[in-house]
Amino acid sequence: MASVTIPDVREDKGFLPRQTKLLLGAFLILGAIGLFAFTSLQGNQQYFLTLSELKSKGDLATKQTVRVGGNLKPNTTHVNSKDITAQFTLTDDANNVLPVFYKGVLPDTFEKSTQVIAEGKVDGNGIFQASLVLAKCPSKYDASQVEWRSSEQYGK
61 MASVTIPDVR
71 EDKGFLPRQT
81 KLLLGAFLIL
91 GAIGLFAFTS
101 LQGNQQYFLT
111 LSELKSKGDL
121 ATKQTVRVGG
131 NLKPNTTHVN
141 SKDITAQFTL
151 TDDANNVLPV
161 FYKGVLPDTF
171 EKSTQVIAEG
181 KVDGNGIFQA
191 SLVLAKCPSK
201 YDASQVEWRS
211 SEQYGK
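Just so you know, the sequence shown maps onto residues 61 to 216 in the numbering used here.
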């Protein structure tokens, strides 16, 4: 009878040892996942220009939609509930001011907010025509603004 040789399957005759291949494969997979996560997060970054940066853009601010952030100037908010429009002024530490016109419902936290982000374009008159308004929530709870009532007052 002819003798048959059975190959040894335990021995890897390839260029790299088996453990090295597994480690290399794991690094490639982790690298691909990391690259995917990095590129996905870059597309979702939220950014905004300061009033100084917007001012330095000049005519470019009238041609493209931008997000601009600033402080809400006190006592400048005028809301027309009939037309659902609002006008307010943003300011910054460098005393730049930007009048804003917005058609839509303002966020609930708008009046209590000091920082506002508006998205839109500057028109020919220098007024920022906002298509979106975001208001930063107050960072601290102020109990002085809450009107306290006793349990007897609720029934009256």
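Calculated directly from the structure, the hints in this document are not laboratory data. It is possible that some hints are incorrect.
Simulated pairs of lysine-lysine, DSS-like, Cα-Cα distance not exceeding 30 Å [stated by the list, open to error]:
1) Lys133 / Lys196
2) Lys181 / Lys133
3) Lys133 / Lys81
4) Lys172 / Lys196
5) Lys117 / Lys181
6) Lys163 / Lys81
7) Lys163 / Lys196
8) Lys81 / Lys142
9) Lys81 / Lys123
Status of the hints after comparison with the structure:
Note on Lys133 and Lys196: the hinted pairing holds, with a Cα-Cα distance of about 14 Å set against a maximum of 30 Å. For the suggested pair Lys181 and Lys133, the alpha carbons sit about 20 Å apart, so the restraint of at most 30 Å is met. Annotation: proposed proximity of Lys133 to Lys81 is violated, straight-line Cα distance about 63 Å (limit 30 Å). With a C-alpha separation of about 9 Å, the suggested pairing of Lys172 with Lys196 holds against the 30 Å cut-off.
Distance hint between Lys117 and Lys181 is fulfilled; the C-alpha atoms sit about 12 Å from each other, no more than 30 Å. For a cut-off of 30 Å, the pair hint linking Lys163 to Lys81 is broken: about 60 Å separates their Cα positions. Among the hinted pairs, Lys163 with Lys196 is consistent with the structure: their alpha-carbon atoms are about 19 Å apart, no more than 30 Å. In summary, the hint linking Lys81 to Lys142 is not supported, as the alpha carbons are separated by about 69 Å, beyond the 30 Å threshold.
The straight-line distance between the Cα atoms of Lys81 and Lys123 is roughly 54 Å, outside the 30 Å bound, and the hint therefore fails.
Of the numbered hints listed earlier, those contradicted by the structure are 3, 6, 8, 9.
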